[in-house]
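Chemist: Chains as they are written, first to last, in the working numbering: chain A, 1 to 689; chain B, 690 to 1124.
These are calculated hints, taken from the structure and not from any lab test.
There could be a bad hint or two in this list.
In silico contact screen, one side only, chain B against chain A (beta carbon under 8 Å); selected entries [as the list claims (entries may be wrong)]:
#: 1; residue: I830
#: 2; residue: N834
#: 3; residue: F1086
Taking CB as the label site, the calculated pair distances span [stated by the list, open to error]:
#: 4; chain 1: B; residue 1: K848; chain 2: A; residue 2: S89; range: 48 to 54 Å
#: 5; chain 1: A; residue 1: D105; chain 2: B; residue 2: E1021; range: 45 to 51 Å
#: 6; chain 1: A; residue 1: N177; chain 2: B; residue 2: M961; range: 42 to 48 Å
#: 7; chain 1: A; residue 1: K18; chain 2: B; residue 2: R769; range: 26 to 32 Å
Please read these numbers as outputs of a predicted model, since none were measured by experiment.
No residue lacks a Cβ here, since even glycine has one placed at the ideal position from N, Cα and C.
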Amino acid sequence: MANLVKVKINGQEFEAEKGTLLIEAARQNGIEIPAFCYYEGYSLQAACRMCLVEVEGTPKLQVGCTLPVDVNRDGSPMVVHTESETVKSARKGTLELLLTNHPLDCPVCDKGGECELQDMVFKYGAGESRYSETKVHTPEKQWSPVVFFDAPRCILCYRCVRACNEGMGVGALGIGNRGVIAEIIPNKHDHLECDECGSCIDICPVGALTSGTYRYQTRPWEMNHVGTVCTHCGDGCKTTLGVRDGEIMRGNNRDRSGINDEFLCVKGRYAFDFVNHPDRLQSPMLKNASGGHDPISWSQALDMVAKKFSEVKARNGKFGIIGSNHTTNEENYFLQKFARQGLGTKNIDHHRTGDLATLFDALSGKNDTLASVGDLYTAKAVLVVGNDLSQQHPLLANQIRANFRHHAAHIYTVTTGEVREDKQSIAKVRVKQGGELAGVESLREQLKAEASLVILFGDSVQGDSLRKLVAFGDSLGIPVKYIGLVDYSNSRGAFDMGIIPRDGGLSREQMLAATDLDVLWVVGANPLKSATLASNAFVVVSEMFMTETAKRADLILPAASAYEKSGTVTNVTGEVQKLKPAAKVMGTKTDLEIAGSIAKEMGLNLGIWLPDKMLEEIRSTVHGYNVPMPILSTGGAAPTQPLNGRVAALPGTIASSGDTLFTSGTLGRYSKMLNSVMEAPGALYGGNK
Amino acid sequence: MAKVLYNEPSPLETLVISRNFRKEGSETLDGYLANDGYKAFLKAKEMTPEAIIEEVKTSALRGRGGAGFPTGLKWSFVPRTSPKPKYIVINADESEPGTCKDRLLMEYDPHQLIEGIIIAGLAMDAHKGYLYIRGEYRFIIEHMNRAIEEAYKRGYLGKNICGTGFDFDLYTHSGAGAYECGEETALLDSLEGKRGIPRMKPPFPAVAGAWACPTLLNNVETFATIPAIIRDGGAAYAALGVPKSGGTRLLCISGHVNKPGVYEVPLGYPMMKAINDIAGGMRGGRKLKAVVPGGSSCPILRADECDVPMDYDSIAKIGSMMGSGGMVVLDETTDMVKFALRIMRFYAHESCGWCIPCREGTTWLRKILQRFDDGGGRKDDVRVLGEVSKNMLGRTFCALGDAAAMPTISIVEKFSEDFDKRLAMQGSGLVTING
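Extracted from the complex, chain A is given alone in its bound form:
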């Protein structure tokens, strides 16, 4: 039970848990003690001296961010003043000192308008400065394509150093020189070699660290902020996109909404730029005699597809449908409904990157066995099997690091090479690909002694070995939860919505290999990148870019990206979140609109193809998806429990694409920023692929 003590702040008596930092105790009761260097979740610095307060009985001002709340020796409550004349003049003095070497170039500073130093000076600072000497100036430096550093603006709060070292586990930032010329320095003398995640930029209270993609582009107040979900990996980070005149200017999550708090990786923060890539398809295209494509109108295109589909359906021809890892649940649900009910085919599949079918089957009949993103932060122990999490699942890796930092969680790794989680692990096991289970088995005694465990595993554990892994978990005699890792933003949703060849349908490989396929309909996927189509099928592709598959298509339909539509996606841990449209690209349609329009042209009655209507249908028909609407509508993440008895084995192969932090399947190829920061794979990025 919490040990509550009384504390008196500004004449009001409050209760706070003994040992709470004064700055937090005040904050909990609506009293602001200003600070730059104090940052929740990171180590204490006591460097900025903004949080000095008066504590009765102590002659000197006390540092609010390091002072634990306790009763005085005589048992009386601590009496604190945060707004006394002494405190106010100390703050004023500190701000005056801070501004002595600050360039005050606010009119051209990216941070102007959302700068903590500006706000503090406005609220607590003096109207004029007594400083009349020259300022220390050093030229601005570019550390990487996305990170710029302007030392004179820096107030040395060391937030960036901690975000990089403690938060990201990278430690690419440090401090050089001393005294007034002390400054933040990058790990490689004059440049950064790191995750390029941009956490340092976001956490900077001033405009010292600025983003290569955002700097000098706009003023903060010119943007609207759209909270949506990152469309790259499967972790489902909330990203708040700053949008000006329909153009996405930046991504961050400073409002700490979503399951990722303010965490974002390089993709979530910067890789929205594919949206405006000049190669975006903006008109339907029809294959011409020379093998190229000519633009046609939407009405011509839809008419052509509908006629073709109707004709093949009428003669009982063979359809093959390949869905996407990135499209919304609503689109996926509608697509499989279209296939099964509209076209009467079971041949529907997507690029499966993790063996969810076997996992769900092995777990059938068990309750509470799927872990959430939040569970990774609170779990007593975490076992990572066969995945380089910090490369492929940056948010999950971040949760585990934070769990270790704050709760000293026990981390175990069983991987083929060095991974970042090793640094926090209490046991690491190196195995050859395929030897994962033996590696896990070698940890049995240690794992048995844990209170509870979350096991994360990649695509190297599938089929029989996955069943054995679950049997291993069962045999430990402790509560075990699982996360079956899948690659993309809606990989999990695609599976749950039924973009799978169940009940005897053809798998993706089988469709491509079939010589008698009449129609291949590919929605947001690129199967022909590494395979060939054996048949002479009529190929319809809805895509954003001219991929290998689109090149082969008889008809290409330009599709909208996830940042341009409404709907929901399900992340790797089965949490459903809502997308909000941020941008608009002329000429494109969402995949729901495309499929719906084809259905309409064909005269099929598949329901009203609006995202909200489709979600209603999903909630009432897909097991485990009856998620609470208030959570979804307010931007929250609603957990699903899709376990529903036995799941039959599916044909086809399962393989992760092995994306790194700096690649993202097809989308990654069209992000100028991602390509510019591409790092050579080094020891840190050994990975499993």
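Based on these hints, arrange chain B on the given structure of chain A.
Modeler: Just chain B, lined up with the frame of chain A:
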């Protein structure tokens, strides 16, 4: 060959820790043994750790690094029964301007220091010590290494010291030239191979010091005093000084005196007597203007304040500090503007940059003083100097900010006429702005 001495001794000195300094071969183990060397250690070996600490408490010894914290009390804070290894760390980062005593203790009597360290090891149940020596003392590091090597060879360090079964290893570690690393926690960070930045306290080094283990950290002079305390008894040592400030200490008298040097005097020795009788009086018979009593961090004393006994409490009573024993004597020809500037150039250069008030404040003060000295002074500057210093005072992360603020505040308050004189000269056209 006759021994080269640092300064002529004074008959008025009370020799305790410097008693061997002038003796031939004092820096060698044989020289030390000929003068009761390592006898205190053997005596301490027969005592319980509690008794050793009690003896140190009785001696009323206070830390000689500058803060003057009672040594025995500090020793009693170290959790001796902790299962973690305990460390002894010796602060030989002597960098307070005006201070030059630790180098003599290491140069002329290194074994006295080593003996003090291993006695502390006995009391703390510690078996490893680190002697952190400022990088500029390269020759002293080599000198100490020779002494340590000799001690190892003859069984006064290493395994089973003097057959007592007690093991102790002592290592020297070179600083890299930062004043800040004389602050005990910054020293520990530096010792651990990190950037030398002070740590948050608590925990204090006694509980979590070097490598987060219990650590006893004292100044060279403090450790060098231990053998005398154990040998002659804490009470005898305490009796040399005044209540609450026991024994003797080395006084480094520099500045405008006839015989600057390092002299050992009992605590409570009258300041004017030290200047006039020990240090041979003012140079050229000039008038005394001011005294910095214990290193440049201390508030400066006007001549009329200097009739004071030199012990921690008496000097504190008149608003200054005993500090590190670095006494700087200034005569009437001293320009206090230049003096303040010289001090502030040091602190601005040495500020580690960790916290805002010290990092920005020292440089601001330096720039004002530089401009003032260059002839660009303004009437307002004196007020701003005082106010900015007061903004720093007590608000910085460590004591470096205070060390820069305190002398400045005292100079502008006590010697404002020097600033006024400069302003008047500017008006007369005698000086021009050259900055």
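Chemist: Run every hint past the structure and note whether it holds.
Modeler: Evaluation of the provided hints:
1. I830: violated, 22 Å
2. N834: Constraint on N834/B not satisfied, violated at 28 Å.
3. F1086: holds, 6 Å
4. K848/B with S89/A: 48 to 54 Å: violated, 60 Å
5. D105/A with E1021/B: 45 to 51 Å: holds, 48 Å
6. N177/A with M961/B: 42 to 48 Å: 44 Å Cβ-Cβ, so the 42 to 48 Å window holds.
7. K18/A with R769/B: 26 to 32 Å: This hint holds: roughly 29 Å between Cβ atoms.
Taken one by one, the earlier hints fail for this structure at numbers 1, 2, 4, listed in ascending order.
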